[in-house]
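Asker: Going by this note's numbering, the sequence shown opens with residue 2, and the numbers climb by one from there.
Possibly wrong hints are sitting among the right ones.
[Stated by the list, open to error] DSBU-like mimics (lysine-lysine), calculated; alpha carbons at most 30 Å apart, straight line: (1) K184 / K79; (2) K221 / K184; (3) K90 / K67; (4) K207 / K184; (5) K184 / K211; (6) K187 / K168; (7) K32 / K79; (8) K122 / K67; (9) K184 / K90; (10) K168 / K122; (11) K97 / K122; (12) K148 / K67; (13) K90 / K248; (14) K40 / K97; (15) K168 / K79; (16) K187 / K242; (17) K248 / K184; (18) K90 / K168; (19) K90 / K148; (20) K168 / K248; (21) K97 / K207; (22) K79 / K97; (23) K168 / K207; (24) K211 / K175; (25) K175 / K207; (26) K168 / K97; (27) K184 / K148; (28) K40 / K175; (29) K111 / K42; (30) K221 / K211; (31) K79 / K221; (32) K90 / K122; (33) K122 / K207; (34) K187 / K207.
To be clear, the hints were calculated from the coordinates, so they are not data collected in a lab.
Keep in mind it's a predicted model, so treat the numbers as computed, not measured.
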Amino acid sequence: LDEGSLIHAMFEVYYTLRAANPSASLFEHSKGMAEIFTKQKLYENFGVNTERWQFLVIRFTQYLAKYSLSDFIPVVYKSIPAVEVGFSKVIYEDAKYLFLVESRLDLIVKLAGEQLWVDHKSQASASRLYPYQPQFLTYAWATGFDKGLVNYFRTAATYNDNYTFVKDLISFPKWMIAEWEEKLVKLFFQLAYVLDTYGSEADSEKFERKRENCGGAFNKTPCQFTPVCESFSLETRASIKQFNYVKNPPRRSWELR
2 LDEGSLIHAM FEVYYTLRAA NPSASLFEHS KGMAEIFTKQ KLYENFGVNT
52 ERWQFLVIRF TQYLAKYSLS DFIPVVYKSI PAVEVGFSKV IYEDAKYLFL
102 VESRLDLIVK LAGEQLWVDH KSQASASRLY PYQPQFLTYA WATGFDKGLV
152 NYFRTAATYN DNYTFVKDLI SFPKWMIAEW EEKLVKLFFQ LAYVLDTYGS
202 EADSEKFERK RENCGGAFNK TPCQFTPVCE SFSLETRASI KQFNYVKNPP
252 RRSWELR
């Protein structure tokens, strides 16, 4: 857990309170959120000290001041606010296979009579993410919404009214979503073939290597699993897996926290 996780948790508590009582003052909800984390110093669980926590509370107050007249009100489904919404959706099913896509949405809201998903992004400095990346395409496919919104919350020391907080609206053409669904189904079948042929403990050699992705952003942030892909013998790969990684039990993505 880190500062980004803490900011997401702050949004989660704040918008849950807002959904429960949308007529109340935004700053009352913010105060309630801050008290929850402050009383037992829960922010320390995220590696954040008291001084930094106080800064984040001030920055959150600035966020509310900017959007005091246009803040989100979460959609409520059957008395449950659409905050941190986990989903599991079938992408393909036949007599042999059932393929599911699972993830979690930060928020679902209604703007101008239209529902859309919201994804909070905390950043130390201002940069705009590519809008049609796999995460956002999957959200659009899963919800069926034509639009989504990236809610940038930036934590640079100096406040800038143009860059510290930005709401970036993304529109998704139907052809792009259909293309993404087709690609996902193809990927599922590739994985199913390997598992059917070699079993659940299939060696990494059986999976397709994406060398063009190994270097990460600007080829400067290599994938954490490159030591496995760069080793030839099965014995060496097995040793690297045993000593360098921890095998986590299966989980649903909305069970992260």
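Asker: Taking the hints in turn, state whether each one holds.
Answerer: These are the hints, each one checked on the structure:
1. K184 / K79: Since the Cα atoms of K184 and K79 sit roughly 34 Å apart, the hinted pair is violated (cutoff 30 Å).
2. K221 / K184: With a Cα-Cα distance of about 27 Å, the restraint between K221 and K184 holds, given a limit of 30 Å.
3. K90 / K67: Violated: K90 and K67 sit about 36 Å apart, past 30 Å.
4. K207 / K184: holds (20 Å)
5. K184 / K211: holds (15 Å)
6. K187 / K168: violated (33 Å)
7. K32 / K79: Given that 30 Å is the threshold and the Cα spacing comes to 27 Å, the pair holds.
8. K122 / K67: holds (17 Å)
9. K184 / K90: holds (16 Å)
10. K168 / K122: Distance ~10 Å between K168 and K122 Cα, so the pair holds.
11. K97 / K122: Since the Cα atoms of K97 and K122 sit roughly 39 Å apart, the hinted pair is violated (cutoff 30 Å).
12. K148 / K67: Answer holds: K148 to K67 is near 23 Å, not above 30 Å.
13. K90 / K248: holds (25 Å)
14. K40 / K97: At roughly 52 Å apart (the allowed maximum being 30 Å), K97 and K40 break the hint.
15. K168 / K79: holds (28 Å)
16. K187 / K242: This hinted pair holds, its Cα atoms lying about 27 Å apart.
17. K248 / K184: Holds, at about 27 Å.
18. K90 / K168: holds (27 Å)
19. K90 / K148: holds (19 Å)
20. K168 / K248: Roughly 37 Å separates the two Cα atoms, so the pair is violated.
21. K97 / K207: Status holds; Cα separation ~22 Å.
22. K79 / K97: violated (34 Å)
23. K168 / K207: Since the Cα atoms of K168 and K207 sit roughly 42 Å apart, the hinted pair is violated (cutoff 30 Å).
24. K211 / K175: Cα-Cα ~28 Å, so holds.
25. K175 / K207: Answer violated: K175 to K207 is near 34 Å, above 30 Å.
26. K168 / K97: Status violated; Cα separation ~43 Å.
27. K184 / K148: holds (20 Å)
28. K40 / K175: violated (47 Å)
29. K111 / K42: The hint is violated at about 34 Å.
30. K221 / K211: Within the cut-off at roughly 16 Å; holds.
31. K79 / K221: The given pair, whose Cα atoms are some 47 Å apart, is violated under the 30 Å limit.
32. K90 / K122: holds (24 Å)
33. K122 / K207: violated (35 Å)
34. K187 / K207: Holds, at roughly 17 Å.
Hint check: violations occur at hints 1, 3, 6, 11, 14, 20, 22, 23, 25, 26, 28, 29, 31, 33; the rest are consistent with the structure.
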